[in-house]
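These are the residues of each chain, in order.
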Amino acid sequence: DAKTTQPPSMDCAEGRAANLPCNHSTISGNEYVYWYRQIHSQGPQYIIHGLKNNETNEMASLIITEDRKSSTLILPHATLRDTAVYYCIVRVMGSGNTCKLIFGQGTTLQVKP
Amino acid sequence: DTEVTQTPKHLVMGMTNKKSLKCEQHMGHRAMYWYKQKAKKPPELMFVYSYEKLSINESVPSRFSPECPNSSLLNLHLHALQPEDSALYLCASSALQGPPTQYFGPGTRLLVL
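Chains A and B, in that order, give the protein sequences. When you read off a place in the first sequence, starting at 1, and then add 514, the result is the number in our numbering. The second sequence: position 1 = -16 (our numbering), numbered continuously.
Careful, some of the hints might be misleading.
[To be verified] Listed below are the simulated DSS-like cross-link pairs for lysine-lysine, each with C-alpha atoms no more than 30 Å apart in a straight line:
#, chain 1, residue 1, chain 2, residue 2
1, A, K626, B, K36
2, B, K36, B, K(-8)
3, A, K626, B, K1
4, A, K614, B, K21
5, B, K24, B, K5
6, B, K5, B, K21
7, B, K1, B, K36
8, A, K517, A, K583
9, B, K2, B, K24
10, A, K614, B, K23
11, B, K(-8), B, K21
12, A, K614, A, K566
13, B, K23, A, K517
14, B, K2, B, K36
15, B, K36, A, K517
16, B, K1, A, K517
17, B, K24, B, K36
18, A, K614, B, K1
19, B, K23, B, K2
20, A, K583, B, K24
21, A, K517, B, K24
22, B, K1, A, K566
23, B, K2, A, K566
24, A, K614, A, K517
25, A, K626, B, K24
26, A, K583, B, K23
27, B, K21, B, K36
28, B, K2, A, K517
29, B, K23, B, K(-8)
30, A, K566, A, K517
31, B, K2, B, K21
32, A, K517, B, K21
33, B, K5, B, K23
34, A, K583, A, K614
35, B, K21, A, K626
36, B, K24, B, K1
[What the hints assert, rightly or not] Just some of the chain B residues that point at chain A, by a computed CB distance under 8 Å:
#, residue
37, M(-2)
38, T(-1)
39, G11
40, V31
Keep in mind that the hints were calculated from the coordinates and are not lab data. Where is the CB? At the ideal position from N, CA and C, for every residue including glycine.
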């Protein structure tokens, strides 16, 4: 199973871009990179996923390096409500086409006024 | 709509009680999941159902008994739990075609006395 490495914590000023890095050097060619976040005591919230190309949605952008060994989640204009634990996950296929998500320790992002 | 609902939100039970957690989704997803999350730790997979059949059991003790009565519902029956089973129990669902993005419910916070 491909594992991910993230910094345990980061700070970001409100209104500035938050760039959250993730290393996944053992990722396989058909594994997706997923990002979730978890605000205190709530269920994890899906943010974005990607395979090879950079992706953008209404919440964030995902930049994946050409060798796919690392990625960066970008929150373009962080707000206080973006304070959460951010998880970078490589999707591991289970049986029956299900998806086994293995959560690492994540990065605690603190957005400060 | 990407909503997964879980009931109850909070549950307190004694070690001799029998209780059930309920999860529901109406997104047409045919994969459903139970995760357990201890305080300050990442979620850990417990069970996966695919087409209403149990496809993954992560060596969970038999005092936890999952059930998937139909494609929209997932239950977790609890019996003779221990205080160390106190945790946030999260349900998720995903489609079985395409990137299987998992959508999580808000969780049930369980306290075993």
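Verification of the hints:
1. A:K626 x B:K36: Given that 30 Å is the threshold and the Cα spacing comes to 46 Å, the pair is violated.
2. B:K36 x B:K(-8): 26 Å, holds
3. A:K626 x B:K1: Violated. K626 (chain A) to K1 (chain B) sits at ~44 Å, over the 30 Å cutoff.
4. A:K614 x B:K21: Given pair K614 (chain A), K21 (chain B) holds - Cα atoms ~18 Å apart, limit 30 Å.
5. B:K24 x B:K5: 23 Å, holds
6. B:K5 x B:K21: Given that 30 Å is the threshold and the Cα spacing comes to 19 Å, the pair holds.
7. B:K1 x B:K36: 23 Å, holds
8. A:K517 x A:K583: Holds. K517 (chain A) to K583 (chain A) sits at ~11 Å (cutoff 30 Å).
9. B:K2 x B:K24: 24 Å, holds
10. A:K614 x B:K23: Satisfied, since the Cα-Cα distance of roughly 21 Å is no more than 30 Å.
11. B:K(-8) x B:K21: 16 Å, holds
12. A:K614 x A:K566: 20 Å, holds
13. B:K23 x A:K517: 20 Å, holds
14. B:K2 x B:K36: Holds, because 22 Å separates the two Cα atoms, which is no more than 30 Å.
15. B:K36 x A:K517: 28 Å, holds
16. B:K1 x A:K517: With Cα atoms ~37 Å apart, K1 (chain B) and K517 (chain A) exceed 30 Å; violated.
17. B:K24 x B:K36: Status holds; Cα separation ~28 Å.
18. A:K614 x B:K1: 28 Å, holds
19. B:K23 x B:K2: Measuring from Cα to Cα gives roughly 25 Å; hence the hint holds.
20. A:K583 x B:K24: Distance of about 25 Å is within 30 Å: holds.
21. A:K517 x B:K24: 16 Å, holds
22. B:K1 x A:K566: 47 Å, violated
23. B:K2 x A:K566: With Cα atoms ~45 Å apart, K2 (chain B) and K566 (chain A) exceed 30 Å; violated.
24. A:K614 x A:K517: 13 Å, holds
25. A:K626 x B:K24: 23 Å, holds
26. A:K583 x B:K23: It holds: about 27 Å lies between the C-alpha atoms, which stays within 30 Å.
27. B:K21 x B:K36: 26 Å, holds
28. B:K2 x A:K517: Violated: K2 (chain B) and K517 (chain A) sit about 35 Å apart, past 30 Å.
29. B:K23 x B:K(-8): 19 Å, holds
30. A:K566 x A:K517: 17 Å, holds
31. B:K2 x B:K21: 19 Å, holds
32. A:K517 x B:K21: Cα-Cα ~21 Å, so holds.
33. B:K5 x B:K23: 24 Å, holds
34. A:K583 x A:K614: Within the cut-off at roughly 20 Å; holds.
35. B:K21 x A:K626: Within the cut-off at roughly 27 Å; holds.
36. B:K24 x B:K1: With a Cα-Cα distance of about 26 Å, the restraint between K24 (chain B) and K1 (chain B) holds, given a limit of 30 Å.
37. M(-2): 24 Å, violated
38. T(-1): Cβ of T(-1) (chain B) sits 28 Å from chain A, so the hint is violated.
39. G11: The hint is violated - G11 (chain B) has no Cβ within 8 Å of chain A, the shortest such distance being about 15 Å.
40. V31: 5 Å, holds
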